[in-house]
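J.: Sequence:
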Amino acid sequence: MTKRLLRAIRQVPTLILVLGYLFFSTALLASSNDEATNGHHDHNSHHHSDILLLLIADKLAIKKLQKAFNEVDSNSQQQHNLNEQKLRLNRSLQRLRDFSATPEGYYANLELYQQSIENRANMLVDFAQILHTHHQQHDMGQIGQ
14 MTKRLLRAIR
24 QVPTLILVLG
34 YLFFSTALLA
44 SSNDEATNGH
54 HDHNSHHHSD
64 ILLLLIADKL
74 AIKKLQKAFN
84 EVDSNSQQQH
94 NLNEQKLRLN
104 RSLQRLRDFS
114 ATPEGYYANL
124 ELYQQSIENR
134 ANMLVDFAQI
144 LHTHHQQHDM
154 GQIGQ
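Residue numbers for the sequence shown follow the working numbering, so the first one is 14 and each next one is one higher.
Worth double-checking, as some hints may not be accurate.
Okay, the calculated beta carbon distance ranges per label pair [claimed, not checked]: (1) 121 <-> 15: 57 to 67 Å; (2) 127 <-> 84: 34 to 44 Å; (3) 121 <-> 149: 19 to 29 Å; (4) 81 <-> 139: 15 to 25 Å; (5) 121 <-> 145: 15 to 25 Å; (6) 66 <-> 103: 10 to 20 Å.
In silico SDA-like pairs for lysine to any residue, Cα to Cα no more than 25 Å straight-line [unchecked claim]: (7) 80 <-> 115; (8) 99 <-> 133; (9) 77 <-> 125; (10) 76 <-> 117; (11) 99 <-> 116; (12) 77 <-> 121; (13) 99 <-> 83; (14) 99 <-> 65; (15) 72 <-> 15; (16) 77 <-> 155; (17) 99 <-> 141; (18) 72 <-> 145; (19) 99 <-> 118; (20) 72 <-> 109; (21) 77 <-> 132; (22) 77 <-> 139; (23) 99 <-> 85; (24) 77 <-> 97; (25) 76 <-> 111; (26) 76 <-> 142; (27) 72 <-> 62; (28) 80 <-> 144; (29) 99 <-> 122; (30) 76 <-> 15; (31) 99 <-> 124; (32) 76 <-> 87; (33) 80 <-> 60; (34) 99 <-> 86; (35) 72 <-> 115; (36) 99 <-> 134; (37) 77 <-> 111; (38) 99 <-> 89; (39) 80 <-> 106; (40) 72 <-> 147.
Derived by calculation from the structure, the hints in this document are not laboratory data. Given the structure is predicted, the values throughout are model-derived calculations rather than measurements. Note that beta-carbon positions come from the ideal geometry of N, C-alpha and C, so glycine has one too.
Generate the whole structure from the sequences, applying the supplied hints.
T.: Right, here's the structure in full:
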């Protein structure tokens, strides 16, 4: 009996590992099943957040280019700067359209939806100012040529 007990005790760590593995596998399987059932919302959530982060990065990069525009001397450098701004603006405006098109049903409640509308409005104002500055700099570049 003692040998049996010792053998059983030696197998406890293995048993714990097997049970832990089964528990983890079951939890992972249940999680992936939930994702398959409700995954469209999670995917949209990540996609929506990714777009917001990309918009913020674009906004900062364009503002940096606009600041650098005033520091360059040659017309060719200014033209290169304006072309880079234009490329980033075109990409950003498509992202802004996607970000602004998020429907009300995406949000858990009206308070979150209202906050989102305020954030979208702020982002639109920021990009309107960026576009205005871009057009001013474009006009300045045309005058300098």
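J.: Each of the hints needs a verdict: does it hold here or not?
T.: Each hint, compared with the structure:
About 60 Å separates the C-beta atoms of residue 121 and residue 15, a value consistent with the hinted range of 57 to 67 Å. The beta-carbon spacing between residue 127 and residue 84, approximately 41 Å, falls within the hinted interval of 34 to 44 Å. Hint check: residue 121 to residue 149, Cβ distance near 41 Å, so the stated range 19 to 29 Å is violated. Here the CB-CB span from residue 81 to residue 139 is close to 18 Å, well matched to the stated 15 to 25 Å.
In this structure the supplied range 15 to 25 Å is violated for residue 121 paired with residue 145, their Cβ-Cβ distance being about 35 Å. Taking 10 to 20 Å as the suggested C-beta distance range, the pair residue 66 and residue 103 conforms, at roughly 19 Å. Distance restraint check for residue 80 and residue 115: the Cα-Cα separation of roughly 32 Å exceeds the 25 Å cut-off, and the hinted pair is therefore not satisfied. Between residue 99 and residue 133, the direct Cα distance comes to roughly 22 Å. Compliance with the 25 Å bound is thereby established for this hinted pair.
Restraint check: the Cα-Cα separation between residue 77 and residue 125 comes to about 31 Å, which exceeds 25 Å; the hinted pair is violated. Note on residue 76 and residue 117: the hinted pairing is violated, with a Cα-Cα distance of about 31 Å set against a maximum of 25 Å. For the given pair, residue 99 sits about 29 Å from residue 116 by alpha-carbon distance, which is inconsistent with the 25 Å threshold. Annotation: proposed proximity of residue 77 to residue 121 is violated, straight-line Cα distance about 36 Å (limit 25 Å).
The suggested pairing of residue 99 with residue 83 holds, with an alpha-carbon distance near 16 Å, which does not exceed 25 Å. Distance restraint check for residue 99 and residue 65: the Cα-Cα separation of roughly 20 Å lies within the 25 Å cut-off, and the hinted pair is therefore satisfied. In summary, the hint linking residue 72 to residue 15 is not supported, as the alpha carbons are separated by about 73 Å, beyond the 25 Å threshold. A distance of roughly 21 Å separates the Cα atoms of residue 77 and residue 155; the hinted pair therefore holds under the 25 Å criterion.
For the hint linking residue 99 to residue 141, the alpha-carbon distance of about 14 Å falls within 25 Å, and the restraint holds. Under the criterion of a C-alpha separation no larger than 25 Å, the hint pairing residue 72 with residue 145 is consistent with the structure, at around 13 Å. Between residue 99 and residue 118, the direct Cα distance comes to roughly 34 Å. Violation of the 25 Å bound is thereby established for this hinted pair. For the given pair, residue 72 sits about 11 Å from residue 109 by alpha-carbon distance, which is consistent with the 25 Å threshold.
A C-alpha spacing of about 22 Å is found between residue 77 and residue 132, which places the hinted pair at or below 25 Å, so the restraint holds. For the hint linking residue 77 to residue 139, the alpha-carbon distance of about 14 Å falls within 25 Å, and the restraint holds. Annotation: proposed proximity of residue 99 to residue 85 holds, straight-line Cα distance about 17 Å (limit 25 Å). In summary, the hint linking residue 77 to residue 97 is supported, as the alpha carbons are separated by about 11 Å, within the 25 Å threshold.
Restraint check for residue 76 and residue 111: the C-alpha separation of about 21 Å stays at or below 25 Å, so the hint holds. As the CA atoms of residue 76 and residue 142 are separated by approximately 10 Å, the hinted pair is consistent with the 25 Å bound. Restraint check: the Cα-Cα separation between residue 72 and residue 62 comes to about 15 Å, which is no more than 25 Å; the hinted pair holds. Annotation: proposed proximity of residue 80 to residue 144 holds, straight-line Cα distance about 14 Å (limit 25 Å).
Between residue 99 and residue 122, the direct Cα distance comes to roughly 37 Å. Violation of the 25 Å bound is thereby established for this hinted pair. Between residue 76 and residue 15 the CA atoms are separated by roughly 77 Å; this puts the pair beyond 25 Å, and the hint is violated. At roughly 36 Å between alpha-carbon atoms, residue 99 and residue 124 are farther apart than 25 Å, so this suggested pair is violated. With a C-alpha separation of about 20 Å, the suggested pair residue 76 and residue 87 falls inside the 25 Å cut-off, and the hint holds.
Distance hint between residue 80 and residue 60 is unfulfilled; the C-alpha atoms sit about 30 Å from each other, more than 25 Å. Between the alpha carbons of residue 99 and residue 86 the distance comes to roughly 19 Å, so the proposed pair stays at or under 25 Å and holds. Between residue 72 and residue 115 the alpha-carbon distance is near 20 Å, which keeps this suggested pair within the 25 Å criterion. Annotation: proposed proximity of residue 99 to residue 134 holds, straight-line Cα distance about 22 Å (limit 25 Å).
A threshold of 25 Å between alpha carbons decides the hint, and for residue 77 with residue 111 the separation of about 24 Å falls inside it, so the pair holds. For the given pair, residue 99 sits about 15 Å from residue 89 by alpha-carbon distance, which is consistent with the 25 Å threshold. With a CA separation close to 20 Å, the supplied pair residue 80 and residue 106 stays within the 25 Å bound. The hinted pair formed by residue 72 and residue 147 meets the criterion: a straight-line CA distance of about 12 Å does not exceed 25 Å.
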